[in-house]
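*Asks:* This is what each chain is made of:
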Amino acid sequence: MALVLDRRSAMQGRPATHVLLCGVPEYSLTQASKRIRGSELAPLAPDPLARNTVETLARWVTEHRDDLAAPVSTCRLLSGSPASTATLVEFLRAAAEWRDDACTHSEGVALLYIAGRCVRPTESDLAILLADFGDDVGGLLYKSVSLRSLMDGMAPSPWNPEVPRTQLFFADLVGPMYESVSDGSGLLSSSWPTPAFDRPTGIAEDDRSATFFRAVTPSRSEPADGPASILGTTLIECLEGAASESAGAEGWAVTSRSLASHLPEIFRQRNRELGSSSRLTLEGLTAAGRSVVAKGMTPRRVKYVLGVHSGDGPQQLVVKDGSLATVLETTIPAHVNSVAVDLFPGLYLMEVREEGQPIQNFLAEVGGLGMIAEH
Amino acid sequence: MLPDDMADLFRPIYRAPAPPPHQPGIHALIVGISRYPNLPLPGHGDELSPDERKLGLEQLTCAARSAWSVHNWLLQTEKQLPLPLLSIRTLLSLSDDENREFGADSLPAHGASLERFQAAANSWRADLSHDPDHVALFYYAGHGFQRKRSGDLVMLLEGTGGQLGGRLAHSIEASHLVGGMAPSQLHPRIARKQVYLFDACRMPLTDGYKYEDEPGGSLWDIAALGEFEDDRLMPRYYTTRPGASAYGLPDNLTLFSRALLRCFDGSAAEFNTAMDRWEVTAASLSEAFNRELIAVSEDEKIEAKQKVQVDGLGEPLTLVKFPTAPEVEVSVSVDPASAVPATKISIGDFMAPPRDFGPPLDPHPLRVKLPMGSYRVSVTSDGLHLDCLRNLNARESVWRLELDE
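Sequence lines, in order, name chains A and B. Under the working numbering, the first sequence has 201 at position 201, and the numbering climbs by one with no breaks. Under the working numbering, the second sequence has 207 at position 207, and the numbering climbs by one with no breaks.
Because the hints were derived from the structure by calculation, they are not lab data. All C-beta atoms, glycine included, are put in the ideal place defined by N, C-alpha and C. Where hints are given, some of them may not hold.
Unchecked claim - Computed list of chain A residues with no C-beta within reach of chain B, every gap over 10 Å:
| no. | residue |
| --- | --- |
| 1 | T87 |
| 2 | D100 |
| 3 | I236 |
| 4 | V336 |
Claimed, not checked - Straight-line alpha carbon distances no greater than 35 Å define the calculated DSBU-like cross-link-like pairs of lysine-lysine that follow:
| no. | chain 1 | residue 1 | chain 2 | residue 2 |
| --- | --- | --- | --- | --- |
| 5 | B | K321 | A | K303 |
| 6 | B | K301 | B | K148 |
| 7 | B | K344 | B | K79 |
| 8 | B | K79 | B | K301 |
| 9 | B | K301 | B | K321 |
| 10 | B | K54 | B | K305 |
| 11 | A | K295 | B | K79 |
| 12 | B | K79 | B | K148 |
| 13 | A | K303 | B | K369 |
Claimed, not checked - To spell it out: a stretch of chain B is covered by chain A in this simulated footprint if at least three of its residues, at any positions, have a beta carbon under 8 Å from a beta carbon of chain A; those stretches are:
| no. | stretch |
| --- | --- |
| 14 | 175-183 |
| 15 | 238-252 |
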């Protein structure tokens with residue numbers, strides 16, 4: 001495991017973000033497990049995008065370590081390189097250290113991103129296959145980790161009272177694979193993935209704002225040598241402002257709630273563009289999640305296309321923001337059907353003028369993905 | 001051969017009069033249990049000797065009423081549902097007070113025993129198995145608890161606390177219900193949109209009741225994983241987070257159902273630009289639920305720490321659609337307060353003439369119901385003024401207007 005960022009001394013006693021990034025691009029299955037060879041679980045093709053994605057995220061986190069609401073204190077990376085391969089032992093060690101660091105301040109943020117392949121041993125859980133999966137040591141799923149245990153195990157407990165109450169989990173998975181229904185081996189259903197943590201159910205009230213973004217695709221549509229998967233790209237885009245919402249006098253902010261609102265929308269758009277059948281679901285969402293994740297990230301401008309029916313002469317479009325300050329003035333040429341303007345998300349007054357005189361006013365709420373309006 | 005009253009349960013208590021053939025629609029299964037005949041009456045639990053089989057529980061006062069409210073809301077607002085309402089199956093175990101209030105004869109089905117639940121659930125699934133575009137809606141109000149090991153919510157049915165069978169024989173795990181609704185070789189065309197609302201506590205029972213390894217009841221066989229791709233869109237709303245209690249208003253409704261109906265009536269509405277209409281969606285409901293829970297708690301002056309948890313949000317899913325913008329009460333206050341007597345406020349949207357209020361602005365803050373949307377707000381008061389834009393929806397219904405010279 002590589003600790004690519006370590007500012008624990010500088011951040012001691014202050015709320016901080018602790019990041020764990022794990023990508024599993026390759027598996028030990030080449031050792032040809034007798035149990036799996038010839039089944040639907042083999043061969044496990046490499047998933048280089050799992051490595052690329054977490055490495056890209058690690059660079060982003062390092063570069064933007066002071067841009068998050070709680071500055072980044074630690075960033076751990078398991079990406080499949082010889083020094084940082086996500087074997088079961090290495091993953092459990094990294095997860096335990098990540099949790100211990102994160103649990104030093106309840107106002108901090110814990111962020112986990114895991115990418116790789118998964119199988120579904122039960123209806124309610126996924127098993128993420130680790131790098132030594134298939135090496136014939138232990139039960140079939142011993143070298144996998146229970147997805148559910150990652151979030152459940154980060155609940156507040158008497159032994160972890162300072163667990164950060166803002167938690168973001170991202171699972172970027174290929175699968176789920178099932179054992180053949182017809183082969184009758186029953187290995188998957190008789191084997192359990194290894195839990196990452198103990199689960200402190202019912203011991204303390206779970207007052208976290210914790211959200212699990214889970215993207216699962218049968219196969220990746222993104223270029224294998226690309227910098228990041230759809231989910232990874234979308235997450236970065238959101239943190240850089242695409243999920244920013246107005247925070248009143250404090251400017252713009254990305255909150256856990258705005259992530260839950262904007263990330264799926266942008267993810268679906270990317271998905272459509274790439275013809276991907278990846279499915280994103282959100283788990284564990286509570287509306288307590290107004291915790292600020294990133295501050296001051298200016299949202300991206302979005303294209304607002306206005307349907308018009310301009311006459312023989314030019315018209316003017318004047319756009320005013322919520323305090324009625326003019327933010328844009330443009331000419332609408334004669335004989336056009338539409339005009340496009342780039343605006344930050346928000347509420348605007350649009351004034352259409354002809355020879356300086358207003359001929360039509362209307363209000364427009366410009367959303368995060370842009371929109372087309374007919375007037 | 002089933003007894004007559006059981007056979008009745010295979011028929012819904014509401015069936016759309018003449019649905020067009022091959023028309024996708026909504027099939028609802030609603031369960032509300034206040035009366036647990038084997039448990040002590042509310043407030044009398046301590047008077048009885050501890051009995052492990054009773055799991056430390058008492059009868060409830062508002063669960064069946066809450067379920068009946070959801071049932072009635074569906075019938076009364078059918079036209080606002082995204083698809084035709086094709087059937088409702090409702091199982092109610094009424095407390096004595098609820099029985100007197102409703103009049104037992106006016107209700108078409110009574111008793112949420114395990115057998116009745118099995119019958120209703122199986123016929124509900126059968127109705128939903130013919131068209132992937134159908135929508136399944138499930139609502140449960142009653143006792144519940146959380147298994148420590150698996151984390152599953154367990155719904156406790158009417159027979160809980162009885163002396164026959166295991167102590168959890170009269171219960172169903174939420175994951176068992178949901179698992180049996182998955183696509184399978186037997187049900188390849190089952191509804192792919194399924195909405196579940198679980199209105200029950202998620203406290204783990206104390207170890208003294210030794211329930212952890214006790215099996216619950218069974219509704220049906222669960223298909224092997226991987227038999228079919230589970231491509232359901234399946235938002236699941238839990239009235240509270242794991243480890244926490246759910247609350248009800250004695251002899252009234254549960255907080256969850258009150259908040260749910262407020263959300264459905266418009267407070268969770270958001271504008272769908274593509275459809276050019278106001279809607280409650282699975283995501284907007286998720287966003288609004290806790291806000292409304294807090295509002296309901298404040299209205300009733302009770303302190304409840306309950307917070308709704310949502311799992312399985314995915315593709316957009318419309319739950320309620322509105323023909324016009326729902327109305328919401330806006331609270332408008334002016335700063336400085338000394339300007340209030342001379343303040344005039346004009347609120348307009350360019351679609352209709354603006355509405356004027358004041359001077360004086362009495363009462364202050366001004367409270368007025370307006371359709372959700374966007375407004376231009378102009379305020380004047382003795383040389384002070386403000387001209388601004390404001391959104392109005394349930395989230396942005398408090399406007400504080402600071403006047404400048």
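*Asks:* I'd like to know which numbered hints this structure contradicts. Please list them from smallest to largest.
*Replies:* 7, 11 and 12
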